[in-house]
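Read top to bottom, the protein sequences are chains A and B.
Under this note's numbering, the first residue of the first sequence carries the number 1, and numbering increases by one thereafter.
Under this note's numbering, the first residue of the second sequence carries the number 1, and numbering increases by one thereafter.
Hints in this document: simulated from the structure, not taken from any laboratory.
Just so it is clear, CB atoms sit at the ideal spot from N, CA and C, and this is done for glycine as well.
Some hints could be false.
Unchecked claim - When the alpha-carbon atoms are kept at most 20 Å apart in a straight line, the in silico EDC-like pairs for lysine to aspartate or glutamate are as follows:
no., chain 1, residue 1, chain 2, residue 2
1, A, Lys47, B, Asp160
2, B, Lys123, A, Glu55
3, B, Lys67, A, Glu71
4, A, Lys56, B, Asp135
5, B, Lys479, A, Glu77
6, B, Lys227, A, Glu55
7, A, Lys45, B, Glu127
8, B, Lys230, A, Glu49
9, B, Lys265, A, Glu55
10, A, Lys45, B, Glu323
11, B, Lys227, A, Glu49
12, A, Lys56, B, Glu54
13, A, Lys42, B, Glu137
14, A, Lys47, B, Glu137
15, B, Lys122, A, Glu55
16, B, Lys51, A, Glu73
17, B, Lys227, A, Glu77
18, A, Lys45, B, Glu447
19, A, Lys47, B, Glu54
20, A, Lys56, B, Asp83
21, B, Lys67, A, Glu77
22, B, Lys120, A, Glu73
23, A, Lys45, B, Glu137
24, B, Lys123, A, Glu77
25, A, Lys47, B, Glu421
26, B, Lys230, A, Glu55
27, A, Lys42, B, Asp307
28, B, Lys128, A, Glu55
29, A, Lys42, B, Asp124
30, A, Lys45, B, Glu273
Claimed, not checked - Here are some of the chain B residues that sit facing chain A, going by a computed Cβ distance under 8 Å:
no., residue
31, Lys120
32, Ala147
33, Trp327
Stated by the list, open to error - Each pair of labels, with its calculated beta carbon distance range:
no., chain 1, residue 1, chain 2, residue 2, range
34, A, Lys45, B, Asp234, 45 to 53 Å
35, A, Ile16, B, Ser141, 18 to 26 Å
36, A, Ile43, B, Glu125, 41 to 49 Å
37, A, Ile52, B, Lys502, 45 to 53 Å
38, A, Leu53, B, Asp234, 34 to 42 Å
39, B, Asp234, A, Ala70, 52 to 60 Å
40, A, Gly44, B, Glu125, 19 to 27 Å
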Amino acid sequence: MKRPIICISILVIIVISLSIVQIFISNKLSTSGIELAIIQFKIGKYKVENAILAEKLLTASSYTYISNKAEIEGFIESKSPIYISRQFPIAIGR
Amino acid sequence: MNWRYSLVFGVFVVAFLLVFSRLFYWQVIRAEELSLMGQMQYGRNIVIMPKRGEIKTSDGFPIATQKISYLVYANPKNIKELDKNKVSRLLSSILDTDVASISGLLNRNLLWVSLGIVGKEKKDEIEKFKLDGIDFEQHFSRFYPEASTAAHLVGFVGKDNEGEDKGYFGLEGFYNRQLRGKPGILRQINDAMGRPIIAKMSSDEDKIDGRSLNLHIDRVIQFIVEKKLKYGIDKYGASGGMIAVINPKTGGILAMSAFPAFDQKNYDEYRDELFKNPFITSLYEPGSTFKSLIMASAIDAGLVRPDTKCPICSAPITIGEYEIKTWNNKYIKNITMTEVIKHSDNTGMVYVSRVMGLKNMMIYFKKFGIGDITGIDLQGEVSPIARKNWYPIDIATASFGQGISMTPLELLVGFSAIANEGKRMEPHIVASIDTADGKNILIPPKEINAPISSRTARIMTEMLVNAVNNGEAKWAKPKGYRIAGKTGTSQIPIAGHYDVSKTIASFIGFAPADDPKFAMLVILDRPTTSIYGADTAAPIFFSIARDIFNHYGIMPKE
Chain A
1 MKRPIICISI LVIIVISLSI VQIFISNKLS TSGIELAIIQ FKIGKYKVEN
51 AILAEKLLTA SSYTYISNKA EIEGFIESKS PIYISRQFPI AIGR
Chain B
1 MNWRYSLVFG VFVVAFLLVF SRLFYWQVIR AEELSLMGQM QYGRNIVIMP
51 KRGEIKTSDG FPIATQKISY LVYANPKNIK ELDKNKVSRL LSSILDTDVA
101 SISGLLNRNL LWVSLGIVGK EKKDEIEKFK LDGIDFEQHF SRFYPEASTA
151 AHLVGFVGKD NEGEDKGYFG LEGFYNRQLR GKPGILRQIN DAMGRPIIAK
201 MSSDEDKIDG RSLNLHIDRV IQFIVEKKLK YGIDKYGASG GMIAVINPKT
251 GGILAMSAFP AFDQKNYDEY RDELFKNPFI TSLYEPGSTF KSLIMASAID
301 AGLVRPDTKC PICSAPITIG EYEIKTWNNK YIKNITMTEV IKHSDNTGMV
351 YVSRVMGLKN MMIYFKKFGI GDITGIDLQG EVSPIARKNW YPIDIATASF
401 GQGISMTPLE LLVGFSAIAN EGKRMEPHIV ASIDTADGKN ILIPPKEINA
451 PISSRTARIM TEMLVNAVNN GEAKWAKPKG YRIAGKTGTS QIPIAGHYDV
501 SKTIASFIGF APADDPKFAM LVILDRPTTS IYGADTAAPI FFSIARDIFN
551 HYGIMPKE
């Protein structure tokens, strides 16, 4: 007689505990939307910042921009390239 | 007594089975339908637009990519009547549009009107004023960091009938399906306040960003070509021009440019004809540059040798009512084939055409791909309609590149076979494609055929080197390099005859002759300072070649 009562009591305690845990977790999840929205907003904001910085970087590293800037700064095109190559020896010892 | 217990038990079992079956019906059989109804009530579907793929040169620099922009829109019904004038004046100064246009839009009886697309700075400037009824929608728009460089090559992105982005012309058009990607659907479950809930039913489905293209195009060479072409058109007073540089061993296009061009960002301000890439869409008579292919064909067929003498070249040649003359009216008796190329002698080429005959010429036209599309991965390539009737005068003039049409690309690809041991390669702009999930799909070089043998290619190379070293354009050649090339000056056909005062001046060549790194065709349309290719197109060719040698670190040898 005692054993069935103990078993039933344990089962009841488990059910009640699990119900409390479920209520607790559901409650936590239901308000996590606020944090999720904040995180999504931050991700969006950083993506936009990255895209804008990438655009500036690409424009600044384009040859069109660099060439125009070089002209303004006074750089000129080299007409005669100078080649540095290995010198041939003047005399070879035997 | 026992039958009462059994009866009650039986009733409970039946009731339980009824409840169970009903639950089974709603939770298993109708589960999907109910779940969808729930999502529609508590969730929303957000279409996630894919990011269009990039187009990158061989150094990984994107010449076409996406940037953030904002669509400024207004809800006219949310703007007070008294404020509309003030808002119109404010927005017109920021959006750079006239006040009347903005005012007209704000006075429309609509819930949504588009006012324009702006960047981040202007969006922030408008936001500062906290205007009622004005809001923004984030977009991605196409961005070209090198401005209108390679405009014909890249093409542009416009809209299709449904208002979605679509590529037109060039690579944007040819590879539109690969570049555009696939939109996805984000299903999000929200609470009563509209905030998202982390729930199993939220999902992000199927969005696939566009694939990116990695080109053979060398950004340095492209920059050099564009700059020199613009300079050359101005200097020689030409109506326009085009240049393409190809790697003869792989068929990879290293640079391609044409003027007049257009600005891809503001394509709607230009005439439609300007969008077509003339290198693959315009048919022209190549003139003396074509002599290199005819001579190579005759040598390959064993019909002439470099030292074969022309027995009919001491005077103009009469064919019916026509007279074939040399460009300078000078005639060399018993001129050799090597000298025919060097002096660009039309009478020598007529002799070659007679030795070859129409049948052999047709065979070699086919081998060199003359009259066929090359298969380049650009939108809009054309090929000429094959001539049906060939008269003796047509065969004669075709030998020096008149009376026969082709696209500049056909000529360059055929000519490049001489630079590649006789093997003709299929031209390609794209070297590989990057998928959204990180895979790289290589497009390997493809040999189309071998129109001539490697022995013929070597012989022809030497003849072309001799033409550069001792021909009309030798004054412009960079010292110390072996360059193989041929000038071209072709008359333009107008209404059944040729215009004597206007020409297409060209130069085709490859270098270094012993191990070619590039082949190039330069074309100037109607230069006015001089009509000859030797005086106009050749100097541009050699100037670009000099810069390419520097870029590749190729030192002079001679």
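Against the structure, the hints:
Taking the CA atoms of Lys47 of chain A and Asp160 of chain B, the gap is about 27 Å. The hint is violated against a cut of 20 Å. A distance of roughly 16 Å separates the Cα atoms of Lys123 of chain B and Glu55 of chain A; the hinted pair therefore holds under the 20 Å criterion. In summary, the hint linking Lys67 of chain B to Glu71 of chain A is not supported, as the alpha carbons are separated by about 28 Å, beyond the 20 Å threshold. Of the supplied pair hints, the one linking Lys56 of chain A and Asp135 of chain B is violated, its CA atoms being roughly 25 Å apart against a limit of 20 Å.
Between the alpha carbons of Lys479 of chain B and Glu77 of chain A the distance comes to roughly 19 Å, so the proposed pair stays at or under 20 Å and holds. Distance check on the hinted pair: Lys227 of chain B and Glu55 of chain A sit about 24 Å apart at the alpha-carbon level, beyond 20 Å; violated. Of the pairs offered as hints, the one joining Lys45 of chain A and Glu127 of chain B holds, with about 16 Å between alpha carbons and a cut-off of 20 Å not exceeded. Proximity of Lys230 of chain B to Glu49 of chain A is assessed by CA-CA distance (about 37 Å); at most 20 Å being required, the pair is judged violated.
With a C-alpha separation of about 15 Å, the suggested pairing of Lys265 of chain B with Glu55 of chain A holds against the 20 Å cut-off. Restraint check: the Cα-Cα separation between Lys45 of chain A and Glu323 of chain B comes to about 75 Å, which exceeds 20 Å; the hinted pair is violated. For the hint linking Lys227 of chain B to Glu49 of chain A, the alpha-carbon distance of about 34 Å lies beyond 20 Å, and the restraint is violated. About 16 Å separates the Cα atoms of Lys56 of chain A and Glu54 of chain B, which keeps this hinted pair within 20 Å; it holds.
A C-alpha spacing of about 17 Å is found between Lys42 of chain A and Glu137 of chain B, which places the hinted pair at or below 20 Å, so the restraint holds. About 15 Å separates the Cα atoms of Lys47 of chain A and Glu137 of chain B, which keeps this hinted pair within 20 Å; it holds. Taking the CA atoms of Lys122 of chain B and Glu55 of chain A, the gap is about 15 Å. The hint holds against a cut of 20 Å. Under the criterion of a C-alpha separation no larger than 20 Å, the hint pairing Lys51 of chain B with Glu73 of chain A is inconsistent with the structure, at around 37 Å.
Distance restraint check for Lys227 of chain B and Glu77 of chain A: the Cα-Cα separation of roughly 12 Å lies within the 20 Å cut-off, and the hinted pair is therefore satisfied. A distance of roughly 49 Å separates the Cα atoms of Lys45 of chain A and Glu447 of chain B; the hinted pair therefore is violated under the 20 Å criterion. Taking the CA atoms of Lys47 of chain A and Glu54 of chain B, the gap is near 17 Å; set against the 20 Å cutoff, the hint holds. Restraint check for Lys56 of chain A and Asp83 of chain B: not satisfied, since their Cα atoms lie roughly 36 Å apart, outside the 20 Å limit.
About 33 Å separates the Cα atoms of Lys67 of chain B and Glu77 of chain A, which puts this hinted pair outside 20 Å; it is violated. Taken as a hint, the Lys120 of chain B and Glu73 of chain A pair is broken in the structure, with Cα atoms around 29 Å apart against an allowance of 20 Å. The straight-line distance between the Cα atoms of Lys45 of chain A and Glu137 of chain B is roughly 14 Å, inside the 20 Å bound, and the hint therefore holds. Between Lys123 of chain B and Glu77 of chain A the alpha-carbon distance is near 40 Å, which puts this suggested pair outside the 20 Å criterion.
About 51 Å separates the Cα atoms of Lys47 of chain A and Glu421 of chain B, which puts this hinted pair outside 20 Å; it is violated. Restraint check for Lys230 of chain B and Glu55 of chain A: the C-alpha separation of about 27 Å exceeds 20 Å, so the hint is violated. With a C-alpha separation of about 78 Å, the suggested pair Lys42 of chain A and Asp307 of chain B falls outside the 20 Å cut-off, and the hint is violated. Of the pairs offered as hints, the one joining Lys128 of chain B and Glu55 of chain A is violated, with about 23 Å between alpha carbons and a cut-off of 20 Å exceeded.
The straight-line distance between the Cα atoms of Lys42 of chain A and Asp124 of chain B is roughly 17 Å, inside the 20 Å bound, and the hint therefore holds. Between Lys45 of chain A and Glu273 of chain B the CA atoms are separated by roughly 42 Å; this puts the pair beyond 20 Å, and the hint is violated. At its closest, the beta carbon of Lys120 of chain B sits 5 Å from a beta carbon of chain A; the interface hint therefore holds under the 8 Å criterion. Nearest Cβ of chain A to the Cβ of Ala147 of chain B: about 5 Å, under the 8 Å cut. The hint holds.
Here the hint on Trp327 of chain B is broken, as its CB sits about 32 Å from the closest CB of chain A, past 8 Å. Checked against the hint of 45 to 53 Å, the C-beta distance between Lys45 of chain A and Asp234 of chain B comes to roughly 47 Å, which is consistent with it. A hinted range of 18 to 26 Å is violated for the C-beta pair Ile16 of chain A and Ser141 of chain B, which are about 59 Å apart. With their beta carbons about 25 Å apart, Ile43 of chain A and Glu125 of chain B fall outside the hinted range of 41 to 49 Å.
At about 50 Å, the beta-carbon gap between Ile52 of chain A and Lys502 of chain B stays in the expected band of 45 to 53 Å. At about 37 Å, the beta-carbon gap between Leu53 of chain A and Asp234 of chain B stays in the expected band of 34 to 42 Å. Evaluation of the 52 to 60 Å hint for Asp234 of chain B and Ala70 of chain A yields a failure: the beta carbon distance comes to about 20 Å. Restraint check, Gly44 of chain A to Glu125 of chain B: a C-beta distance of roughly 20 Å satisfies the suggested window 19 to 27 Å.
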